[in-house]
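**Student:** Using the sequences plus the hints, can you model the full thing?
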Amino acid sequence: MSVNNLLENWAQFRHFHPVDDKPHDPYKWAMSIDLDACTGCNACSVACYAENNLPVVGKEKYQHGHVMHWIRIERYWDESLGVAGGGDFPEQGAQFLPMMCQQCEAAPCETVCPAAATNHTADGLNSQIYNRCVGSRYCSANCPFKVRYFNWYDYPTTDNVWPAEMNQQLNPDVTVRSKGVMEKCTFCVQRLHAAKGTAKNEGRLVHDGDVQTACQQACPTSAITFGNLVDPESKVHKQWQSQQVELDKDAQVKDQKEGGSGLRGYRIFEELRPYPSVMYLERVRESAV
Amino acid sequence: MRCLLSLFVLLMGLFATVNSYAADAPQPALTTEDSSGPQVVQPIEFPHDRHAGLRNPSDPTNSDPLKGGMEIDCMYCHTYARRSAVAGIPTLQKCIGCHQSIESVRNKPRIQELFKYWDAKKPVPWKKVHDMPDFVRFNHERHIKRFVEQQNRPTQEACGYCHGDVKQMTVARRSKGLTMGWCANCHQKDHPVTAAGGTPVGNQAYWYSFQKPVAGTAGGEVKAQDTNNIKAQGPNDCWQCHK
Chain A
344 MSVNNLLENW
354 AQFRHFHPVD
364 DKPHDPYKWA
374 MSIDLDACTG
384 CNACSVACYA
394 ENNLPVVGKE
404 KYQHGHVMHW
414 IRIERYWDES
424 LGVAGGGDFP
434 EQGAQFLPMM
444 CQQCEAAPCE
454 TVCPAAATNH
464 TADGLNSQIY
474 NRCVGSRYCS
484 ANCPFKVRYF
494 NWYDYPTTDN
504 VWPAEMNQQL
514 NPDVTVRSKG
524 VMEKCTFCVQ
534 RLHAAKGTAK
544 NEGRLVHDGD
554 VQTACQQACP
564 TSAITFGNLV
574 DPESKVHKQW
584 QSQQVELDKD
594 AQVKDQKEGG
604 SGLRGYRIFE
614 ELRPYPSVMY
624 LERVRESAV
Chain B
166 MRCLLSLFVL
176 LMGLFATVNS
186 YAADAPQPAL
196 TTEDSSGPQV
206 VQPIEFPHDR
216 HAGLRNPSDP
226 TNSDPLKGGM
236 EIDCMYCHTY
246 ARRSAVAGIP
256 TLQKCIGCHQ
266 SIESVRNKPR
276 IQELFKYWDA
286 KKPVPWKKVH
296 DMPDFVRFNH
306 ERHIKRFVEQ
316 QNRPTQEACG
326 YCHGDVKQMT
336 VARRSKGLTM
346 GWCANCHQKD
356 HPVTAAGGTP
366 VGNQAYWYSF
376 QKPVAGTAGG
386 EVKAQDTNNI
396 KAQGPNDCWQ
406 CHK
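From first to last, the protein sequence lines are chains A and B.
344 is the number of the first residue of the first sequence in our numbering; add one for each residue after it.
166 is the number of the first residue of the second sequence in our numbering; add one for each residue after it.
None of the hints are false.
Pulled a few chain A residues facing chain B out of the computed Cβ check, cut under 10 Å:
no., residue
1, A460
2, N462
3, H463
4, T464
5, L468
6, S470
7, Q471
8, I472
9, Y473
10, P515
11, T518
12, R520
13, S521
14, V532
15, N544
Within a straight-line C-alpha distance of at most 27 Å, the following computed BS3-like cross-link-like pairs (lysine-lysine) qualify:
no., chain 1, residue 1, chain 2, residue 2
16, B, K259, B, K287
17, A, K543, B, K310
18, B, K293, A, K522
19, B, K310, A, K539
20, B, K292, B, K341
21, B, K293, B, K281
Just so you know, the hints here were simulated from the structure itself, not pulled from any lab data.
Glycine included, every Cβ here is placed at the ideal spot set by N, Cα and C.
**Tutor:** Pasting the structure below:
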């Protein structure tokens with residue numbers, strides 16, 4: 344497997360358009376996030392730190408943009424309510440949006456990696472291979488969602504990230520990344536592997552509910568749903584279907600109806616054609632009720 | 166002269182920076198095809214040959230320790246191999262469980278050492294011999310299920326594919342390469358991938374595109390004459406083995 348082979352076959356593994364070029368069988372991992380249920384509590388983010396050995400970089404490095412949260416809570420305010428609205432309670436009306444790697448089907452990050460360290464997997468994930476990454480950071484530059492994080496320091500040996508005794512709490516199923524590599528949300532691939540292993544031992548496919556991501560598990564309002572989009576019995580499939588959001592569309596049919604469809608499901612930056620695997624359910628606004 | 170001096174200062178500064186840089190991040194010694202990693206020194210020189218080695222047919226009572234082993238199954242001690250990703254190192258209890266009733270070897274120095282740990286209520290600090298880098302995902306359970314449970318091969322043979330002939334070693338040593346190419350050797354040979362992405366072997370869904378057959382291989386079957394046409398391709402799902 345020389346570099347020549349790699350470059351020669353560069354494009355064959357990428358999705359140009361999901362579904363058509365490579366079938367997802369038997370798995371396509373996908374997510375849906377109900378923004379109406381999200382209270383912005385950050386439990387998902389904390390769970391992710393614990394599950395995926397994320398370094399807590401501290402205030403100073405955070406200000407330099409070196410933060411490593413794979414899932415972050417973005418905050419938005421209605422113009423009429425927030426600080427700009429000049430109301431008595433400017434914090435009122437904040438809206439939250441958990442943002443993590445959208446595991447795009449035609450991922451912009453994959454096409455630009457000079458080392459082929461980020462690839463597409465058969466089950467529709469966008470993989471990041473740490474030992475292959477050379478740290479060019481091109482993928483991060485090309486990511487429209489800005490969900491890729493770079494290790495500017497060798498965090499395990501950096502002060503106050505993991506004091507010696509805290510090494511014991513690191514998850515052995517996840518690499519502790521070293522300096523100079525890019526990382527991002529993996530949809531908790533270590534859990535997916537464990538679930539697939541168990542299922543294979545029992546001679547079956549992974550059932551809906553067999554596997555949860557860390558953020559989903561920690562969410563107190565069950566705003567996050569995760570599962571196999573190919574499985575018609577899965578909750579995530581049913582949600583995508585009921586919201587008429589289709590994976591392989593860059594503009595949903597329902598949105599072209601006059602006056603809108605009244606459905607809440609949407610995907611971020613759909614029009615850029617990355618075909619994200621995460622569907623958000625729009626918040627029900629007070630004004631709309 | 167002044168110019169030379171400043172150049173000297175600049176170069177020294179450069180070296181100093183580079184040196185301190187490297188010292189920050191101690192990396193584990195990488196192994197190559199030619200090296201089987203560092204020689205591990207164990208706290209007790211555990212005789213695998215005596216425990217797992219074959220019995221000496223001319224000595225049915227197994228009285229001479231130099232001549233034969235006990236044929237103990239690998240998974241009697243490394244019990245987690247069949248039900249988890251890691252094989253596990255036996256607890257001290259497991260050693261003592263047998264050895265407390267084997268009076269004949271009780272006074273051997275190694276056994277006395279063992280009982281010292283037991284009396285002190287301290288685990289034996291065994292060292293890992295087959296220590297894979299952090300970015301490698303390997304599952305013992307899947308391999309044992311396939312080779313031992315499904316294909317009914319002897320445990321020592323199945324374990325030996327990666328661990329070598331441990332029943333002839335005293336302290337276990339790495340005898341196989343355990344590099345990526347070494348793993349792929351088996352997986353390319355034994356799990357060819359069909360053009361559709363599935364594998365014809367036992368209906369198990371692998372996705373190794375090290376050796377994905379070129380499109381047009383009829384019926385998804387990989388035939389012997391097709392193997393020459395198979396073009397090695399770049400990685401597709403690196404996450405199968407890397408984490």
